[in-house]
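Same order as they appear, the protein sequences are chains A and B.
Going letter by letter, the first sequence gives residues 1 to 478 in full-length UniProt numbering.
Going letter by letter, the second sequence gives residues 1 to 326 in full-length UniProt numbering.
Be a bit skeptical, because a hint or two may be false.
If you only want the chain B side, here are some residues facing chain A, beta carbon under 8 Å, derived [unchecked claim]:
id: 1; residue: 90
id: 2; residue: 93
id: 3; residue: 111
id: 4; residue: 113
id: 5; residue: 148
id: 6; residue: 306
id: 7; residue: 310
In case anyone wonders, no lab produced these hints; they're calculated from the structure.
Positions of the beta carbon are idealized from the N, C-alpha and C atoms, including for glycine.
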Amino acid sequence: MISTSVTRVTVALPSVLRRVCPTAEVPILLTLTTPARIRRSLLLALGVVLLVLLGTPASHASAEPPAPGTHLGSLRVQGTTGDQEQEFDNSIGGVLRGAAGPLAGVTVTVTGNGFEGETTSGANGAWRIGVPEQGTYEVGIDEDTLPEGRVLAEGQENPREVSFANTSSATTLFLFGDGITTQQTPFLETLAERALAGFSFGLLLALSAVGLSLIFGTTGLTNFAHGEMVTFGAVVAFGLAATGLPIAVAIVLAVVAGGLLGYVQDAGLWKPLRRRGTGLVPMMIVSIGLALALRYIIQLFFGGATQQLPGSQSEIIDVGSVSISRNNLTSLAVSLVIILVVAFLLLRTRVGKATRAVADNPALAAASGIDVDRVIRIVWVVGGMLAALGGILWAYYRPGVSYNMGQQILLLIFAGVTLGGLGTVFGALIGSIIVGLFVEISTIWLEADLKYVGALLILILVLLFRPQGILGRSERIG
Amino acid sequence: MDFGNILVNAFGELISPTTAAYALAALGLAVHFGYSGLLNFGQAGFMAVGAYGYAIATLTFDAPLPLAVLVAILASVLFAILLGIPTLRLRADYLAIVTIAAAEIIRYIVTTNGLTDITGSANGLAAFEGGFFGLNPFPVGTYDVGPLALNERDLWIRVVGWTVVILACLTVWLLMRSPWGRVLKGIREDENAVRSLGKNVYAYKMQALVIGGILGSLAGIIFTLPRGAVQPANYATELTFFLYTCLLLGGMATVLGPVIGAMIFWVVLSLTQGLLYGAIEIGAITFLSNAQAGQLRYILVGVALMLLMVFRPQGVLGNKKELAFA
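Here chain B stands alone, though its shape is the one from the complex:
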């Protein structure tokens, strides 16, 4: 078992673009759930809308990069509004069911064979990342980041991904300390009290849903760019549940919580994978195959989600007074 290698892999996950995408999507969930109390279980749908919006705009309509990103953002705004009109008046558990259903509808639609020309059905779309890597300012070569050796493409997507995460954190932080953010937190604590102060609760909730959704769709783009492919199977309900695990790990009503939660999530997954595979390799564990070791990690995710919710719902950074549920 090569401990050095396992640690290097774990460090790689810390700054990987997937972690950045999870952090961004979980930040969107923090806006929805942590700050506004909206139980959105359809964040995977928002990510799919972003990823497909970008890929389809690029491939089908030959849109340049800024336009494709704009299309993805507008698509997620539209999705948020369509989703919000029927659901934002509903109780939390109804909202959860409807949002998860809406996300699945998106996934079924991009999977259907009838739209293969546009969405590529179950195989998804590929080869749309050229425009993004065409903007790469880093010359070809190998770059050392700590113990990692990255090529210019790896470095570029990481720099962009984490820049977007930092900007998004800054925006959310500024929004939440503004009067607007205080109204939002008021809605989370007591909707009727805010309504009696003359605020349009419905409009505030819709704005929160749109902002979190935009973060989700940007996360979808960052998630799919380094892979160079977007496939519907990646946007199943489990993605949303993993995002919730990240959010609850870090602290749901905090700005940095989702980012730290995503980092912990991926580092722990990478460490357990490295240790389990290593133990299987040297024969310390004989009753598991490599595939089963992979499943064992996700069992741990489920158990961790349960334990977190029961024993430390405020997460690593959170404040117990600021929970969306009392």
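Excised from the complex, chain A in its bound form:
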């Protein structure tokens, strides 16, 4: 460790630090520690947010939050099997839709693994059946219950096998009508479509990855609890939306709550540990303990089921010859804007430059008048906010909110960060986009349930051939 920090000094000093402290005067960065009263009010605010979240029985009692005016109700199962959705964590669903509009009142059956379930499609053609465990099920529609003149399109298997791909919900689409057949889309079009989806996925990974990378850069901590910070954002957004708040307000408040979680984590746990001089490996194991505790605390209040945020089903938009769902496109735009803002803050503001200086060499940064603790606190707050936003976008991308959703992408976030170079912010951005593209494009050839394997394999291969990542400095890491 000592040898690495010595080499860092020579690299860090000329570039970043000189820009941070052009003259001897550094009073702006030398703030006093935050007054206790502000800290107390922040903690109080978090407490209020938590109370609001936990005080909503709807969050685990009903499958859908009451949100008039949105097409949320589309997932409501009609008929007697409506309760099955709440009994089980996993479900199979889809939308029955012909050329002329949705098909209502069609009987759908699911059998397999010793389970049998039946439901009828709702007014908007949607149906969903809860199943006890993930696995392969036979799904069939009763063609006698189809409306007059509607038939299954040619080549549509009925009944068919549906399998879960590591998520708690599986979807299958039946196509209807004459002449509507599954066309073989040209390869380039498929590729472009997957690439666009992958870009959207990569950017939402990047939101979380940038936070993780900043935290690693400034404190050296490999934070295994980052996945839970991602989940936290989505769960808070869901809880607030369930109280009847508009979803946009709920998202903003959830992002603020994510920042508070970051602040509380740093103030209550990581700062005292840094004071004690705890090593990096013990801190990493502490973060694992924190991840377990947070995950099960979220499950305790949220339950094991997958819930949907308002507006989780959106129409498909055609961009040129490529189609993408409106939510994916919005997610892409939002993450792009936020990442550009973060990049601007890092490159152009004093706090941003100070952050990069601390990442380069904390001791030297402190010696040149930067309040390292303050920078780290800001990094935790920003990291928490970015993770929360990433979690909300991830909830729309999957789609669904569940207690272990963050854990599912934690390793992809790590893959993005490592690929770009641990501790480098722009590396994390590029690495995450590559991981997102790779995951989505690989589904052209790979089975969907293996799509994460490719990303994890790149992680291992990168460490084999270029362990410092794409943008990392080639220092000794062994």
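On the provided structure of chain A, position chain B as indicated by the hints.
Below, chain B without anything else, positioned relative to chain A:
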């Protein structure tokens, strides 16, 4: 609330085959982390390799028991070597990320539908334990072990499981007091110093990874035999984290620490479950359901892991001087 019953259940956990499997896997982690300083977060992967290696050899290739165990061990050796080549030169945190990724790759591969014929995908495999219970020397009947009444199958798996644990402890103890073990501990303390003495650090680390991995794969077999089924969901990253909790409870650079840690882990889980369920039953706790009580226990595991790491990183038995991190 039936305190007698709760205590009997807790005693049952003390000698259960799952505890034996955890002890064995945690012992493997002690070899990796405690003695060699390798931060292996993929022990669940090694257990999966052992369990699936055994089950697939038995079901797909009709292998007899010794051959199936051999296949499982060889598979874990292969996995250790494949994992070790790219990672053993890396810093501890990189090693942690890569090993956890490798374990997840194993889990995704055995879950994929494309290999359902071999691995049974998400439902896993079952009915491969016949060969093991066919060797059972105990006649049919009920056997009293303390307050527990076990049938001949329960007794047989416990006897075998804990015999393997004792033999493994003995082996690790002998290895670690040998010159080989001293080199390993030297690598943990200062890799460069050992390298300057002319030792091949890379080879020593690889050997440690292989030995700990074999213990992990044996643990995987013992874990899956009494269940009669192997399912991918059992081998998620959380399993590794629980093993680390056991290891840190007992003491990471000790032979008996992982065993005692696993025992404490399961006894405490059983006691808290019994007490919580009992309190819910008599109405003392009304704000929790049974399922939530189960989750509360795992929150306690997470908190315990954090507190242990902060306040007593050497565990119950350990020596603070012998930590893999200073």
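- Item | Hints that the structure is at odds with (numbers, increasing) | Number 5 - this is the single hint that the structure violates.
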